[in-house]
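J.: Spelled out, the chains give:
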Amino acid sequence: MTDTASSIDIASLIDIENGRLSGKIFTDEEIYEQELEKVWKRAWVMLAHDSMIPRKGDFLQTYIGEDPVMVVRQKDGGVKAFLNQCRHRGMRICRVDKGTAKAFTCTFHGWAYDLAGDLIQVPRQDTAYPETFERGRFGAVKVPRVQYYKGFWFGTWDEDAPDFEEYLGSAKYYLDGYIDRWDGGMEQVAFHRWVLPNNWKFMAEQPTSDMQHSEITHVSAATVLNKGSDAADRTKRGTNPTGRQFFSDYGHGGAWYGEKGAEVPNTGQAMQRYEAQPEIAEMIARRLGDDREIRGHLNIWPTFMVLGNYTIRVTHPRGPHEMEVWAWTFVPKDAPEDIKDSIRRDVLRTFTPAGMFEADDALNWEEMQHVLKGRVARDTGYLYQMVGAPIQWDEGCYPGGSSAHVFSDNAAINMYATYLDMMTSDSWEELMEKRAQHRMGLAPVSAAGDRAEA
Amino acid sequence: MTVTTDTQTTDIQTADIQTAGTEIPFGDPGAAARPVTATTDRLTALLADIDPAVERALTRFLYEEVQVLDDWDWGAWLDFFADDAMYWAPTQEDRLSRERSQRINDFRTSAYFEETTVQLKQRVDRLLTNQAWGEEPPSRSRHIIANIRVTKGLADDEYVVKSNFYDYRSNGQRSQDSITGERIDRIVRDPSSPWGYLIRERRVLFDMSTILNKNLSLFY
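Going down the list, the sequences are from chains A and B. Read in this note's numbering, the first sequence has 145 at position 145, and its numbers run on one by one without any break. To get this note's numbering, take the position in the second sequence, counting from 1, and add 1000.
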């Protein structure tokens, strides 16, 4: 039994069949502790992109859940990650955001670690420690699994986790649509970091599933930003917007407007013009195939998010009531400077703490979290009963579960079903068995259509 | 700086202040015993460089500007900016001492704002839709501007004005936050503007490396 074994029956709080959630999963301290154990110690989390730490000795500080992690470019070009905690008395080894170094020295008693996190110096070791003291035993705690995927480095604490590509599963197809479009790859050109007063799952859910909030939450930003743009003219979408929502076995999900060739909202016009050039269009088609053009929102569970205008982010939980957003702006590395600049400015004006879309999301989540302080409010529960369109599996060119409708709660419900399975599984083996049994839209789980009557 | 520790000097500090008048830096009675120092010279030079009336006007200009914001009169706020102004707020982060010069991110990299006046107007228009939920109902804010330092700019009638700010915001029933930082403004005299001066450039440097506020939906 772990020290976070909960007395709470999480299954009683998440009703997949009827699309209902208890507010308690967003507020309860015990549940949160269990999330750190069962979700954050088990999931793959994005640690860095090549362009953030290009040279040997380059490092950055990040987190997996609440655990501070150092990510360091090694002399051989590889990347290692280790807990940013001195083995002596638990001090943070490195206290700057990023830089270039040959070693990291703890500022408490001076224990020093090399680029791999191995302990290389203990002051007074020769005179004050017994001969039996072995430095080799007290390196920083390594992130045991670090894997590379198309420019990004991911890590997990769980040695038994499936490989990252298996974890991605059918989401690979959609993620590649964003990050594998360019022969020259991508580079990050801006970084923003801020704190929101709400549970981390609120934001995770949005790129996974919720395109519909945009029509209401972001009406002000859309009004002023999209003047003169067909892409965002809502009247052209009609009452039953085309597009598709996708979800996959380990809780990933996404949604996008339009058919292939449609102008894609949230992608700046400069980018669209760039991609419309024949040689660029040809490159994208060569890399991704003719029938794939995926851009909208995507979340790789738990919180690796890609938005259509190339803000890529990870959120870190900070207790049940708070989270940190770490958001990077990415551009195609080989694009002309004016295209890169256009993408960068588009992101900073929309999806940063001063962004015109982001500001209104924050207000909603803050209020939702505050309302949940109420004892009655917490028990009222949330509804996830918008079906969109029937669930299809591996339909046409779309791997995974999906619905031919951009508005649906299916991917959110799938996310919480994954969450439930994670929280109630003691191993990846058990979790994988449960996920295989709990595919939404297939027996024994009811068809999505049944939920509307609940 | 030499500090006089003679207790007798301390005993007679009141008399010193009275006789020496405004030449004594506030809170430093020991200075009365010193000859005029380089520090005083520098201050004298700074003051001599700028017409006191201009300094007073620019100080008042900044006070009026933030009052307009606190009055929710965002449209009128744009009158303080030249048409081709640049409003820029770079991010900053913690770096090793030897890399500290890279602490503040360069222009055209990471920023919270990088706006022309046209784009600022877009942000103002958003607030005026009355559907900008982050500011609807609008926050009650107090922009406190302090440490205003006016120096001459490169061009005639151009001034570089540094100031510190403390911006408090309260919205809804319980939400409140504040943010501090420094502004560096390039301001020009322009009699055609309603305020007689126009901001051509503003750099806002927030002190937070992680923005601890839920958003930056106002102006700074």
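FYI, nobody ran anything at the bench for these hints, they're computed from the structure. Cβ coordinates follow ideal geometry from the N, Cα and C atoms, glycine included. Hints are not guaranteed to be accurate.
[Claimed, not checked] Not close to chain A: a few residues of chain B, all C-beta gaps over 12 Å, as computed: (1) Ala-1048; (2) Val-1054; (3) Ala-1132; (4) Phe-1206; (5) Ile-1211; (6) Leu-1216.
[To be verified] Partial selection, computed: residues in chain B whose CB lies under 8 Å from chain A: (7) Arg-1056; (8) Arg-1060; (9) Tyr-1063; (10) Gln-1067; (11) Leu-1212; (12) Asn-1215; (13) Ser-1217.
J.: For every hint, state whether the structure bears it out.
T.: Against the structure, the hints come out as follows:
1. Residue-level check passed: Ala-1048(B) sits 39 Å from the nearest beta carbon of chain A, beyond 12 Å.
2. The Cβ of Val-1054(B) sits about 32 Å from the closest Cβ of chain A, beyond the 12 Å cut-off, so the non-interface label holds.
3. At the 12 Å boundary, the C-beta of Ala-1132(B) falls inside the reach of chain A, the nearest C-beta of that chain being 4 Å off.
4. Against chain A, the non-interface label of Phe-1206(B) is violated: not every CB pair exceeds 12 Å, the least being about 10 Å.
5. The claim that Ile-1211(B) is not at the interface with chain A is violated, since a C-beta of that chain comes within 12 Å of its own (minimum 4 Å).
6. Distance to chain A contradicts Leu-1216(B) as a non-interface residue, since its nearest Cβ pair spans about 4 Å, not more than 12 Å.
7. At a threshold of 8 Å, the smallest CB-CB gap from Arg-1056(B) to chain A is about 32 Å, leaving the interface hint violated.
8. Nearest Cβ of chain A to the Cβ of Arg-1060(B): about 28 Å, over the 8 Å cut. The hint is violated.
9. Of the supplied interface hints, the one on Tyr-1063(B) is violated, with its beta-carbon coming no nearer than about 24 Å to a beta-carbon of chain A, more than 8 Å.
10. Residue-level restraint check for Gln-1067(B) is violated (minimum Cβ-Cβ distance to chain A is 22 Å; threshold 8 Å).
11. For Leu-1212(B), the interface hint holds, the least distance from its beta-carbon to any beta-carbon of chain A being 5 Å, beneath 8 Å.
12. For Asn-1215(B), the suggested interface contact is upheld, since its CB lies about 4 Å from the closest CB of chain A, less than 8 Å.
13. Annotation: Ser-1217(B) was flagged as interfacial toward chain A, and the flag holds, the nearest CB pair being 4 Å apart, inside 8 Å.
In terms of the numbered hints stated before, the structure departs from hints 3, 4, 5, 6, 7, 8, 9, 10, listed from lowest to highest.
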